[in-house]
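*Asks:* Now for the letters of each chain:
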Amino acid sequence: MTPRTAAKSMRIIGWFSLLIAVVFAWGSVYDPGGLNDLFLQHAATGETGIAGVATQEAKLVMAVAGGVFGGLVGFYLFVSAPGIEQQNPMIKRGTILAFLIWFLIDSGASIGTGNATNAALNIVVLAFYLWPILLVKKAA
Amino acid sequence: MSPKTAANFMRFMAIASFLSALLFATGAMNDPTGSLGQFLAIIIPGSEGASAIANPESKVGFAIAGGVFAGFMVMLLLITAPAIERGDKVITRATVYALLIWYVIDSGASVAGGAPINAISNAIFLVLYLLPLLWVKETVTASA
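Chains A and B supply the protein sequences, listed in that same order. For the first sequence, my numbering gives the first residue as 1, with consecutive numbering after it. For the second sequence, my numbering gives the first residue as 141, with consecutive numbering after it.
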């Protein structure tokens, strides 16, 4: 894949992820299409889905998670994508490391709290973000 | 502040936030340090602390928040801080956009979810993150 194609793919993934971040953050207030409910039914071992996010504390956590997710994918969109297009090795390395750190902490804590299915889902999500970065070839 | 000072300030913020992210993620596992309970008590008056995060759906939210927050801070540490030191305006401006996105989404949803104090807390942190990005002195790159 050329750097230009990789960057274009990252921009599509980034904008899509920004929408998901907003939907996730507002999930406890408004869940369009039941997306958060569907996600929690699969990611958590409980059976209540979004209805399980009932306390003020749990709602706050969804807001925080959606917000920092928005920040991370904003960085992916506005810093990582142009950096991959320009073949900047520091941005490539930093982005890969950042997503690996996310994966390890999120998956570790998910397994620690008995939600191993979220760790399995994270493998798919990790691949979703990293494939354009890992498949990019140096331009001649 | 000088580019070097600004970069070091950003590194300090990123590392401190990274450690907070770890506490956030481990908070879902019975809050071993008690720091999560203290955070919740400040943001939500009358909070029952980490004990209010009892079911799997709430706990997985903590794991996600901690993991994503940590990843975001690694970006600031490994990409933004060196960019500030180099005087790279493109990356510093793009980092401002990413931070504003975090602030708007997190604060908006917090207010809607009944925790407006988190928006105030976020404003303080936003200023701290933006300080090294916006108050850094321009470096002289060309000489006469």
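Please keep in mind that the hints were generated in silico from the structure rather than gathered at the bench. There may be inaccurate statements among the hints.
[What the hints assert, rightly or not] Here are some chain B residues the structure puts well away from chain A; computed CB gaps all over 12 Å:
1) K144
2) F152
3) N170
4) E197
5) I264
6) L271
[To be verified] Okay, the calculated beta carbon distance ranges per label pair:
7) A:K8 - B:I257: 29 to 35 Å
8) B:A194 - A:L19: 29 to 35 Å
9) B:A263 - A:I20: 34 to 40 Å
10) B:R233 - A:L19: 18 to 24 Å
11) B:K277 - A:Y30: 26 to 32 Å
12) B:V267 - A:P32: 31 to 37 Å
13) B:N148 - A:L100: 32 to 38 Å
14) B:L271 - A:K8: 30 to 36 Å
15) B:P185 - A:K8: 25 to 31 Å
16) A:K8 - B:V251: 31 to 37 Å
17) A:Q87 - B:Y237: 37 to 43 Å
Computed from a predicted structure; not experimentally measured. Ideal placement from N, C-alpha and C gives every residue a C-beta, glycine not left out.
*Asks:* For each hint, tell me whether it holds in the structure or not.
*Replies:* Here is what the structure says about each hint:
1. K144: holds (17 Å)
2. F152: F152 of chain B clear of chain A: closest Cβ-Cβ about 18 Å, beyond 12 Å.
3. N170: violated (9 Å)
4. E197: E197 of chain B is in fact no farther than 12 Å from some Cβ atom of chain A, at 3 Å.
5. I264: holds (15 Å)
6. L271: L271 of chain B is indeed farther than 12 Å from all Cβ atoms of chain A, at 17 Å.
7. A:K8 - B:I257: 29 to 35 Å: violated (41 Å)
8. B:A194 - A:L19: 29 to 35 Å: holds (30 Å)
9. B:A263 - A:I20: 34 to 40 Å: For I20 of chain A against A263 of chain B, whose Cβ atoms are near 25 Å apart, the range 34 to 40 Å is violated.
10. B:R233 - A:L19: 18 to 24 Å: Since the Cβ atoms of R233 of chain B and L19 of chain A sit about 23 Å apart, the hinted range of 18 to 24 Å holds.
11. B:K277 - A:Y30: 26 to 32 Å: violated (44 Å)
12. B:V267 - A:P32: 31 to 37 Å: holds (32 Å)
13. B:N148 - A:L100: 32 to 38 Å: violated (25 Å)
14. B:L271 - A:K8: 30 to 36 Å: holds (34 Å)
15. B:P185 - A:K8: 25 to 31 Å: The hint (25 to 31 Å, Cβ to Cβ) is violated, given that P185 of chain B and K8 of chain A are roughly 47 Å apart.
16. A:K8 - B:V251: 31 to 37 Å: With a Cβ separation near 35 Å, K8 of chain A and V251 of chain B satisfy 31 to 37 Å, so the hint holds.
17. A:Q87 - B:Y237: 37 to 43 Å: Violated - the Cβ-Cβ distance for Q87 of chain A and Y237 of chain B, about 22 Å, lies outside 37 to 43 Å.
The structure does not agree with the numbered hints 3, 4, 7, 9, 11, 13, 15 and 17 stated previously, though it agrees with the rest.
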